Amino acid sequence: MPELWGLTAHEAGDLLRRRETSSHELTEASLARIGAVEPHIKAYTTVTDEVARKHAREADEAIARGEGSPLTGVPMQIKDLICTKGIRTTCGSRMLESFVPTYDATVTTRLYDQRIVLLGKGNMDEFAMGSSTENSAFFPVHNPWDLERVPGGSSGGGAAAVAARECFYALGSDTGGSIRQPAALCGVVGLKPTYGLVSRYGLVAFASSLDQIGPITRDVTDAALVLNCIAGHDPLDSTSIPRPVPDYARALQEGVKGLRLGIPAEYYGEGIDAGVKEVLEEAAKVLEGLGIHLEEVSLPSTRYALACYYIIAPSECSANLARYDGVKYGFSYQDTDDMWEAMEKTRQYGFGPEVKRRIMLGTYALSAGYYDAYYLKAQKVRTLIRQEFDEVFQRVDALVTPTSPSVAFRLGEKTADPVQMYLSDICTIPVNMAGLPGISLPCGFSEGMPVGMQLIGPHLSEETLLRVAYAYEQATPWHTKWPPL
Amino acid sequence: MPLSRDEVIHIATLCRLGLSEEDIEVFQEQLSNILEQFEVLQEVDTEDVEPTGHSVALHSVMRDDEPRPSSDKEDVLANAPRREGDSFRVKAVLEEHGA
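The listed protein sequences derive, respectively, from chains A and B.
1 is the number of the first residue of the first sequence in the numbering used here; add one for each residue after it.
1 is the number of the first residue of the second sequence in the numbering used here; add one for each residue after it.
Keep in mind that a hint or two might mislead.
To be verified - Facing chain A, according to a computed beta carbon distance under 7 Å, are these residues of chain B, among others:
1) Asn33
2) Thr52
3) Val93
Stated by the list, open to error - Computed, partial: chain A to chain B, Cβ under 8 Å:
4) Phe99
5) Gln348
6) Met360
7) Val381
8) Arg382
9) Gly435
Keep in mind that the hints were calculated from the coordinates and are not lab data.
It should be emphasised that the depicted structure is a prediction, and the values quoted were computed from it without experimental measurement.
Just so you know, even glycine gets a beta-carbon here, dropped at the ideal spot from N, CA and C.
Can you build the whole structure from these sequences, using the hints too?
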């Protein structure tokens with residue numbers, strides 16, 4: 001048997017229920033693992049060891065009473081833009097460096113209700129804006145497969161921590177690929193649920209029509225178990241879908257024979273590395289071997305999704321981040337008597353370059369005279385993107401694409417050119433534009449680095465996506481590969 | 001069309017963002033490059049296309065107007081950079097005139 005910290009969440013949970021280990025032991029093993037590898041990875045903004053030990057005691061007591069669920073007592077990490085009462089929630093920003101929420105996000109409450117163990121908060125690109133976690137105001141995260149490379153972003157802390165076995169699973173958030181792209185680059189599983197499936201209450205807002213919380217895990221079974229815990233209607237989020245939630249873990253076993261998957265040509269063309277394409281072609285053969293029917297499909301508006309996204313997301317961000325004015329919470333510049341100067345300096349010193357860039361872009365796109373040409377136009381193109389997905393899902397159950405156009409790139413490689421960095425999300429952005437669910441799972445290696453396969457389905461098709469992902473995972477060895485740390 | 005220096009300063013004023021001289025130069029170039037990427041949208045025919053603001057068909061959500069406790073006053077003020085009694089303390093908003 002591997003070390004305790006090397007187990008999946010469901011394996012750890014099984015041991016707990018058989019009383020072959022305790023939450024105390026899992027927690028101490030995880031904290032020791034963090035102590036050993038965190039200096040190289042930097043996946044946490046805050047390690048909450050005292051909270052973790054308290055949670056572990058409570059979980060062990062609950063298990064002793066015969067209570068608990070599959071995740072009870074299993075240690076995990078929460079991305080640092082999801083509110084945790086009494087625990088610093090920084091959003092990877094100087095602006096919120098000492099912000100301590102006075103309430104829990106709904107997902108935090110749901111995890112606590114299952115008596116999970118919180119190990120700490122996940123490092124991230126500032127306010128979730130970025131594709132490499134180099135925009136963290138504190139320190140960049142390093143990819144466990146090659147410390148000279150980025151882990152992807154913005155949930156780079158979560159993906160790197162899961163890959164490095166510094167937690168059993170993590171919660172991330174995904175606005176344009178921020179769960180799936182880092183999961184792909186770190187060789188783990190990342191699920192972005194349908195918009196509205198998971199409550200956003202207590203998630204610090206970036207782009208409200210796109211943001212969604214989801215799990216980052218070591219395998220597909222864990223993704224289903226975490227989704228079971230966090231999905232479901234929440235009256236505190238007006239965009240939350242009022243619908244009963246199925247048992248996603250049960251759906252895994254239902255088989256995939258006869259399913260129809262589409263291969264959209266636009267996701268395999270210009271800008272996608274040859275090595276990534278080769279790995280995906282092999283993966284497609286495995287899917288066919290499972291009795292899945294594959295067919296070529298076309299989504300011609302895909303080429304407009306990136307431009308669309310970089311108008312809509314910054315526009316929403318410029319409105320959402322107007323709240324950081326130095327008055328109610330967060331960093332506050334005091335060295336002046338002038339109200340406007342205080343506000344401008346608060347934002348100048350509190351925000352990093354990428355956040356400023358997007359606030360500027362969004363402000364411009366929404367400003368008088370440009371609104372129709374940029375924001376309204378982008379919303380109309382968004383409609384076309386959504387309609388093309390709707391049409392293609394009349395014919396196929398889901399789509400198979402690369403998650404990222406390349407494997408993990410080197411730290412510093414794309415920081416000087418925002419446009420190059422933005423292209424990292426070219427395969428994931430269309431999914432958010434249409435509010436669809438998408439999952440990334442490991443499907444091989446190129447240049448010695450993990451490659452991710454993305455499955456995209458219609459609204460609320462998580463069961464189908466998880467079924468396909470599970471069948472593929474069981475037929476391949478990729479989820480058992482570990483970074484050489 | 002590249003952004004002018006004045007436009008960059010105007011945008012920063014609209015969003016109350018202080019910029020250094022260097023910021024202004026860098027943003028002028030970077031934002032112009034990004035805006036150039038947006039030109040591709042002009043080739044899409046969106047005549048008669050409705051805009052999408054929200055990707056999942058949901059209508060306004062109504063709930064019963066039942067009284068319930070609001071946040072605790074101390075919680076609301078807990079992260080205040082400056083506080084006076086039960087208020088957030090801010091810089092003077094109105095200028096004094098004729099004094």
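So, going through the hints one by one against the coordinates:
no.: 1; hint: Asn33; result: holds (6 Å)
no.: 2; hint: Thr52; result: holds (4 Å)
no.: 3; hint: Val93; result: holds (6 Å)
no.: 4; hint: Phe99; result: holds (6 Å)
no.: 5; hint: Gln348; result: holds (3 Å)
no.: 6; hint: Met360; result: holds (5 Å)
no.: 7; hint: Val381; result: holds (5 Å)
no.: 8; hint: Arg382; result: holds (4 Å)
no.: 9; hint: Gly435; result: holds (3 Å)
The structure shown violates none of the earlier numbered hints.
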